[in-house]
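Number of protein chains: 2
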Amino acid sequence: MGQDEFQVISKYFQRSTEDSAVLLGIGDDAAVVEVAGPMVVTTDTMVSGVHFPSETSGDVVGYRVLAANLSDLAAMGAEPRWCTLALTMENAQDEWLAKFSNGFFDLAYEYGVSLIGGDLTRGPLVVTAQLFGVGKKDHLLTRSGGNVDDQIYVTGSLGDSVAGLSLINKGIADASDRHQVLKNRFLRPTPRVSEGIAMRGIANAAIDISDGLLADLGHICQASGCGAVIDVERLPLSEELRTLFSLEEAQNFAICGGEDYELCFTASPDDEPAIKKCLEPSGTKAYPIGQLVKQPGVVCHRSGKPFMPASTGYLHFT
Amino acid sequence: MGQDEFQVISKYFQRSTEDSAVLLGIGDDAAVVEVAGPMVVTTDTMVSGVHFPSETSGDVVGYRVLAANLSDLAAMGAEPRWCTLALTMENAQDEWLAKFSNGFFDLAYEYGVSLIGGDLTRGPLVVTAQLFGVGKKDHLLTRSGGNVDDQIYVTGSLGDSVAGLSLINKGIADASDRHQVLKNRFLRPTPRVSEGIAMRGIANAAIDISDGLLADLGHICQASGCGAVIDVERLPLSEELRTLFSLEEAQNFAICGGEDYELCFTASPDDEPAIKKCLEPSGTKAYPIGQLVKQPGVVCHRSGKPFMPASTGYLHFT
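Chain order of the listed sequences is Z and A. Numbering follows our numbering, in which position 185 of the first sequence is assigned residue number 185; successive positions increment by one, without gaps. Numbering follows our numbering, in which position 10 of the second sequence is assigned residue number 10; successive positions increment by one, without gaps.
One or more hints might be untrue.
Copies of the same chain look alike in the list, so a pair counts if it fits in one copy or across any two.
The list that follows gives simulated cross-link-like pairs (lysine to aspartate or glutamate, DMTMM-like), each with its CA atoms no further than 25 angstroms apart [as the list claims (entries may be wrong)]:
id, residue 1, residue 2
1, 136, 110
2, 136, 18
3, 136, 280
4, 136, 177
5, 11, 231
6, 170, 55
Worth flagging that the hints you see were computed from the coordinates, not collected in a lab.
Kindly generate the complete structure, drawing on both the sequences and the hints.
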C-alpha cells in the first residue's frame with residue numbers, strides 16, 4: 001500500500017465545502033465553524049462484527065454511520081451542518097476507503113453536511129461519526145417534553161429494517177423488489193431530517209427509533225415522567241413486511257426491531273391537524289399509535305387485551 | 001456484571017455541570033450548547049495495543065485521551081469547554097470504568113470541561129474523545145500563519161514523553177524521581193492550554209507536538225508555504241532526560257519523539273519580548289530553536305553542520 005494517513009485523508013476525505021460558516025476545515029489541529037443558534041451535537045459508533053457484519057461493503061458502513069447521526073439530529077428538530085469522522089482500521093485498503101467515502105459523502109451532500117475533521121488510526125474496524133447541527137432557540141425537540149394525554153405518533157413504517165437484516169442474515173438472495181425494499185431499509189435508511197425540523201413547535205417530545213419502539217418510547221416516558229399505552233394494531237407496517245412475514249412476526253419486528261430511524265413523537269390531540277399539515281411537504285405520514293398516560297411503563301394492547309412482545313430493544317453490555 | 005449501557009453511563013459518566021451554556025447534556029438524542037464565538041472542534045482516537053499497551057490502567061487512558069484533545073485546542077488558542085466520548089469496550093468492567101472516568105474527569109474539572117454526550121458500544125477497546133472550545137474571532141492560531149524569518153519556539157522540554165515510554169516498555173521498575181518524572185510525562189502529559197490562549201494575537205502559527213517535532217513543524221511549514229532550519233543544540237532538554245540518557249539519545253528523542261504535547265509556534269523576531277511576557281503567568285518557558293526559511297523542508301543543524309536524526313514522526317498505515 002505505502003500510503004500514510006495524510007495521503008488517505010487527502011485522497012478520500014478532504015473535499016471542498018461551500019459552507020461559509022466553515023472557517024477552518026480538515027488539516028489543522030482543530031476545525032473552526034461559526035454557529036448561529038444553539039449547537040446540537042450527537043455521536044454514534046459502529047463496530048465491525050457488532051453493528052454490521054465484518055464483510056459489509058464500505059459504502060454501507062459510510063452511509064449508515066452518518067444516517068444514524070442524522071436521525072439523532074432529526075429527533076431534536078435540528079438542521080445538520082458539520083461532521084467529524086474518527087475511523088479506525090487495520091489497513092488503508094483503497095477499495096474499501098473509496099466505497100466508504102462515497103457512501104458517506106453521498107448522504108452528506110444530500111443533507112448539506114460538510115466533513116470538517118476527524119482522526120484516522122490503525123486498529124480493529126470502528127467508525128465514530130459526530131454530527132453538529134443548529135437548532136432553533138426554544139424550539140428544540142427533546143425526550144422530556146411529553147405530557148399525559150399526548151398522542152403518540154410514529155412516522156413511515158416500523159420493523160422493516162430488522163426484517164431486512166433477517167433476510168440478509170439468512171443469505172436469501174431473492175432480488176425481488178419486496179426483498180430489496182426491506183434490505184435497503186436496513187442498508188440505506190432514510191433519516192427523517194426535514195420531518196423533525198417541520199415538527200418544531202408542534203411536537204412535545206421526540207426520539208428516533210434506533211433501539212426499537214418499546215425501548216425508545218420508554219426513554220420518552222422516563223424523561224417525561226409518564227407512561228404510554230400503545231395499540232399494536234395501529235403500528236404502521238409496510239406492504240413488503242406484511243407480504244413477506246406473518247402478522248405476528250411483522251408486529252414483533254415493529255415493536256422491538258431497531259434501526260428503522262423513524263421518528264416517534266408526541267403531541268397534544270388538538271395538534272393532529274397541525275402535525276398532518278407540517279409533514280405534507282415531506283410526503284411522509286405520521287400515524288397515531290397510542291397515548292401518554294400517568295402510570296409509568298410502556299404497555300402494549302392488541303385487540304383490546306394487554307400484549308407482551310417477544311423481546312425489547314437492544315442493550316449493549318447485556 | 002449485568003449492567004447495561006444506561007447503567008454504565010449514569011454510574012460513571014453522568015455528572016452535573018455548572019456551565020450554563022450547556023442547555024442539554026447527557027441523556028437525549030443529542031446535546032445542546034450555546035456557543036459564543038467561533039467553535040473550535042477536535043477529535044482524537046486511542047486504540048488499545050496501538051496508542052497504549054492493552055494492560056494500561058483505565059485512569060491513564062481516560063486522562064490521555066482528553067489531554068491529547070486539550071493539546072489540540074491549546075494549539076488553536078481556544079478555550080476548552082465541552083466534550084463527548086465514544087467508548088468501545090468488550091465488557092463493562094467496573095474497576096476499569098471507575099479508573100477511566102476518574103482519570104478523565106480529573107483533567108476535565110481542571111480545565112473546566114463538561115462531558116455532554118457520547119456513545120457506549122461493545123467491541124475492542126477504542127476510545128474517541130471529541131473536544132469543543134471557543135476561540136477568539138480573528139485571533140485563532142493556525143498552522144498556516146507562519147512567515148519566512150519567523151522565530152520558531154517550543155515550550156517546556158522535548159523528548160521526555162518518548163523517553164518515559166521507553167522506560168515503561170523496558171519494564172524498568174526504578175521508582176526514583178527522575179524515572180517518575182519521565183514516565184509521567186508520557187502517562188499524564190500537561191496540555192499547554194493557558195499558554196496557547198496567552199499567545200493569541202502574538203504567535204503567527206502554532207501546532208502541538210504529538211507526532212514529533214520534525215513531523216509537526218513540517219506541518220507548519222507545509223501549511224505556511226515555507227521551510228524551517230532548527231538548531232538541535234537549542235532544543236530544550238529536561239534535567240531528567242539529560243541525566244538518564246546520552247546527549248545523542250536525548251536529542252533524537254527531542255527531535256522525533258511524539259506526544260510531548262508541548263507547543264511549537266512561530267512569531268516575528270520583534271515579538272520575542274511579548275512572547276516572554278505573555279507566558280509569564282503560566283510559569284512555562286518557550287525557547288527559540290530556529291527560523292522559518294524560504295526553502296521548503298525542515299533542516300536540522302548541529303554544531304553548525306547539517307544533521308539527520310534517526311527517524312521522523314509516527315505515521316499510521318505505514
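Each hint, compared with the structure:
Proximity of residue 136 to residue 110 under the C-alpha cut-off of 25 angstroms is restricted to the intra-copy arrangement: shortest distance 21 angstroms within a copy versus 32 angstroms between copies. For a Cα distance limit of 25 angstroms, the shortest separation of residue 136 from residue 18 qualifies both inside one copy, at 22 angstroms, and across copies, at 23 angstroms. For a Cα distance limit of 25 angstroms, the shortest separation of residue 136 from residue 280 inside one copy, 21 angstroms, qualifies, whereas the shortest one across copies, 43 angstroms, does not. Proximity of residue 136 and residue 177 under a CA criterion of 25 angstroms is satisfied in neither setting, with 40 angstroms inside one chain copy and 54 angstroms between copies.
Taking the closest pair of Cα atoms, residue 11 and residue 231 never come within 25 angstroms of each other, the shortest separation being 51 angstroms inside a single copy and 34 angstroms across copies. Taking the shortest Cα distances, residue 170 and residue 55 sit within 25 angstroms of each other inside one copy (15 angstroms), while across copies they are farther apart (39 angstroms).
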